[in-house]
Amino acid sequence: MMDERFFTQLQALIQNVVAAETDNLAQLAAMVGLNLARDFAESNLRDTNLKGANLVKANLRGTDLHGANLMKARLCGADLRGADLIQANLCGADLRQANLRGAVLSNADLTQANLAGANLTDANLGGTTLNYANLRTVDFRGAHLYQARLYAANLSDAKLRGANLGNTDLREANLKSAYMIRAYLGQANLQGADLDGANLSESDLSQAKLNRAKLRNTQLRNTDFSLSDLSQATLIRANASHAHLIRANLRGTDLIRTNLTGADLQGADLSLADLSLANLYLANLGNANLIRANLSIAELGGANLSRANLTQADLRGANVENAEFASNPGLSEEMKRVLKRRGAILAEVRSDLVGVLASR
Amino acid sequence: MTLAGIPVQPVEHPDYLEFLQPFSTPQIDLYLTLQFSHQWESLPKGRVQFGLKGGALRLRIEGGEIPYESRIMGSMELGVPTVETDSPTNRPIRDRTSPEFDLPTLDLQGNGATGQPSLNGEPNHYSICHITTKVTEENPAWIFEEERGQPVLNGWLNQVKLGTLSISTLPCRVDATFEVSRRDICLTHVDRLWSPDISRNKRAVLDRLIIQQLLERKFKPYLSRVELHYDG
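Protein chains in written order, with our numbering: chain A, -7 to 352; chain B, 95 to 326.
Derived by calculation from the structure, the hints in this document are not laboratory data. Owing to the predicted nature of the structure, the values given are computational and were not obtained by experimental measurement. There could be a bad hint or two in this list.
Once the Cα atoms are required to be at most 27 Å apart in a straight line, the calculated DSS-like pairs of lysine-lysine come out as [claimed, not checked]:
(1) B/K312 with A/K64
(2) A/K43 with B/K312
(3) B/K296 with B/K228
(4) B/K296 with A/K49
(5) B/K312 with B/K296
(6) B/K139 with B/K255
Here are some chain A residues pointing at chain B (derived, C-beta under 7 Å) [claimed, not checked]:
(7) L2
(8) V9
(9) D15
(10) A21
Some residues of chain A that are not near chain B, with every Cβ distance over 12 Å (derived) [said to hold, decoys possible]:
(11) Q3
(12) A4
(13) A18
(14) R53
(15) K64
(16) Q104
(17) E194
(18) L219
(19) N231
(20) R239
(21) G259
(22) S268
(23) R308
(24) N314
(25) K328
(26) R334
Glycine included, each C-beta is placed from N, C-alpha and C at the ideal position.
Please build the complete structure, drawing on both the sequences and the hints.
Structure representation (C-alpha cells):
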C-alpha cells in the first residue's frame, strides 16, 4: 500500500525537477533516481532535446523518440528495437552496432551519422536522409528505404537482400560488395555509385539511373535493368547472364568481358559501347542500336541480331556461329558474306515476321 | 473486463443428413467486454489524469484451443457509455452467460486503484481500437492499440466475439489476463503540479517518474483477470 510518506516523497521529487535549473535530461533523470540509459525503454521521449547525450548501450527499446533532437548523440550499441524515431534529428550520431530492428525512422535526418555494423532489419527508413552516412556492413534485410536520400553514403558490405530501395537517391554512394539479392531499386538514382563486387542478382533496377556507375565484377544474374540508364557505366567482368536490359541505355558503356549470356537486350542503345570479349551467347539483341559498338572477339554464338543497327560496328574476331542477322542497317553485302562464312545465319525479315523475331 | 462464454448450438441437419454427426467436441463462443477510461490520481499538491493507449489480452487455456482463424482482428469503434460511469462490474453481462460458467467480473482500473473513473465532464471522444493477434506466442493473445492518433483509448468494447473455443478435454479452464506495459500508459492531464509551459525534457522525466512510481505498480502483473471453467 502506498502510504502518505510515499506520496510526500514523490511530491518532493516532482518539485525538485520542476525547480531544477538544468534542462539536461540525463541530469534531471538522475535527480529522481532514474538512469537515462536504463530506465526509459518504452517511455515517451517525444520531441525531447538529447543533443550530444551519452546513450552508449542504452536500453531504448520501443521508446518514443519521435522528433527528438539526438544530434551527435552517442548511441553506440544502444538497443533501439521498435523505437519511434520519425523525424528525429540524428545528424552525426554515433549508432555503431546499435540494434534498430523494426525501428521507424521515416523522415529522420541521419546525415553523417555512423551506423557501421548496426542492425536495421525490417526497419522503416522511408524518406530518411542518410547523406554521407557510414552504413558499412549494416544489416538492412527487409528494410523499407523508399525515397531515402543516401547521397555519397558508405554502404560497402551492407546486407540489403530484399530491401525496398525504390526511388532512392544513391548518387556517388559506395556499395562495394553490398549484398543486394532480390532488392527493389526501381527508379533509384545511382549515378556515379560504386557497386564493384556487389551482388544484385534478381534485383529490380528498372528505370534506374546508373550512368557513370561502377559495376565491375558485379553479380547481375537475372537482374532487371529495363529502361534503365547505364550510359558510361563500367561493367567489366560483371556477370549479367539472363539480365533484362530491354530498351536500356548502354551508350558508351564499358562491357569488356561482361557475361551477357542469354541476356535480353532488345531495343537497347549500345552505341559506342565496348563489348570486346563480352559473352553474348544466345543473347537477344533484336532492334538494338550497335552503332560504332566494339564487338571484337565477342562471343555472339546463337545470338539474335535481327534488325540491330550495326553501322560501323566492329565485329572483328567475334564468334557469330548460328547468330541470326536480318535487315540490319549498316551491314554491307561484303560483311554479310564474311559473317555467313563464319557460320552466321543471314535472312531478310519479311514485314509480317518482324514482330515474331522481335519478340524472341 | 468480462469474458462470457456461450455454447455453440449444434447445427440441425435435415433428415436426409442424419448420418452426419454434429461436431464431436463442444464449442464455446467467447465474448469480451472491456472498458477504457481516464482516471485521476491524487498527490498532496495536485493530481494527474492518465489513460491507456492499449494493452494485451492473454488467454491460458487448459483442455481446449481457439483456432487462429476464429480469432477476432481488425479495427473497432469503442462505444461511449451512456450509463453512469461507476465500475464496469455493474454492466449487465451475466444474463448472456451460460449457467455452467463461473464468470467473475473485474475492475479494469485494477487492484487497489485509488482514483475514480472520470468520464463525467470529459468530452466523449470515441476511439478506434485496432486489434491484432499474436501468432508468435504459445497461447492466444490479442493486442489492443489506439488507431486514430488520440492519446488514449476511451469507451467500451461491448460483448465482442473474441473467438470460438474448441474443447478437447474436461474440465476446460480459461485464464484471461489483460496486461499493460509501460508504453501503454499515458498521462493525459496534470492539475497544479507544474505549469503548462514546462520544458519538454522536464515533462518527459516527470512523466516517467509518475508512471514508474505511481502507476506501473498498479498494473503488475496484470490489470484485470477473469477465469472461466467448463465441466461439461
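Now the hints, each set against the structure:
For the hint linking B/K312 to A/K64, the alpha-carbon distance of about 38 Å lies beyond 27 Å, and the restraint is violated. In summary, the hint linking A/K43 to B/K312 is not supported, as the alpha carbons are separated by about 34 Å, beyond the 27 Å threshold. Restraint check for B/K296 and B/K228: not satisfied, since their Cα atoms lie roughly 36 Å apart, outside the 27 Å limit. Restraint check for B/K296 and A/K49: the C-alpha separation of about 23 Å stays at or below 27 Å, so the hint holds.
With a C-alpha separation of about 24 Å, the suggested pair B/K312 and B/K296 falls inside the 27 Å cut-off, and the hint holds. Annotation: proposed proximity of B/K139 to B/K255 is violated, straight-line Cα distance about 44 Å (limit 27 Å). The restraint placing A/L2 at the interface with chain B holds, with a minimum CB-CB distance near 5 Å, inside the 7 Å limit. Against a cut-off of 7 Å between C-beta atoms, the interface hint on A/V9 holds, since the closest Cβ of chain B lies about 6 Å away.
Checking A/D15 against chain B by beta carbon gives a least distance of about 5 Å; that is within 7 Å, so the hint holds. Taking 7 Å as the C-beta cut-off, the interface hint given for A/A21 holds, the closest approach to chain B being about 5 Å. A beta-carbon of chain B is positioned within 12 Å of the beta-carbon of A/Q3; the least distance is around 5 Å. The beta carbon of A/A4 sits about 9 Å from the closest Cβ of chain B, which is not more than 12 Å, so the claim that it is off the interface is violated.
Not every CB of chain B lies more than 12 Å from the CB of A/A18, the least distance being 10 Å, so the non-interface label is violated. Not every CB of chain B lies more than 12 Å from the CB of A/R53, the least distance being 10 Å, so the non-interface label is violated. Taking the minimum C-beta to C-beta distance to chain B, about 17 Å, the non-interface status of A/K64 holds against the 12 Å cut. Under the 12 Å C-beta cut-off, the non-interface status given to A/Q104 relative to chain B holds; the minimum distance is some 25 Å.
Consistency note on A/E194: stated as away from chain B, and its beta-carbon is indeed over 12 Å from all of that chain's, at 29 Å minimum. Separation of A/L219 from chain B is adequate, the least Cβ-Cβ distance of about 39 Å exceeding the 12 Å criterion. Distance to chain B confirms A/N231 as a non-interface residue, since its nearest Cβ pair spans about 39 Å, more than 12 Å. Every C-beta of chain B lies more than 12 Å from that of A/R239, the closest at about 44 Å, which supports listing it as non-interface.
Chain B leaves A/G259 outside its interface by the beta-carbon criterion, the shortest separation being 47 Å against a cut-off of 12 Å. Against chain B, the non-interface label of A/S268 holds: every CB pair exceeds 12 Å, the least being about 55 Å. Once the 12 Å rule is applied to beta carbons, A/R308 is consistent with being away from chain B; the minimum gap is 63 Å. Listed as a non-interface residue, A/N314 keeps its Cβ farther than 12 Å from every Cβ of chain B; the least gap is roughly 55 Å.
Once the 12 Å rule is applied to beta carbons, A/K328 is consistent with being away from chain B; the minimum gap is 66 Å. The claim that A/R334 lies off the interface holds: its Cβ sits roughly 63 Å from the closest Cβ of chain B, which is beyond the 12 Å cut-off.
Hints 1, 2, 3, 6, 11, 12, 13, 14 from the list above are not met by this structure, while the remaining hints are.
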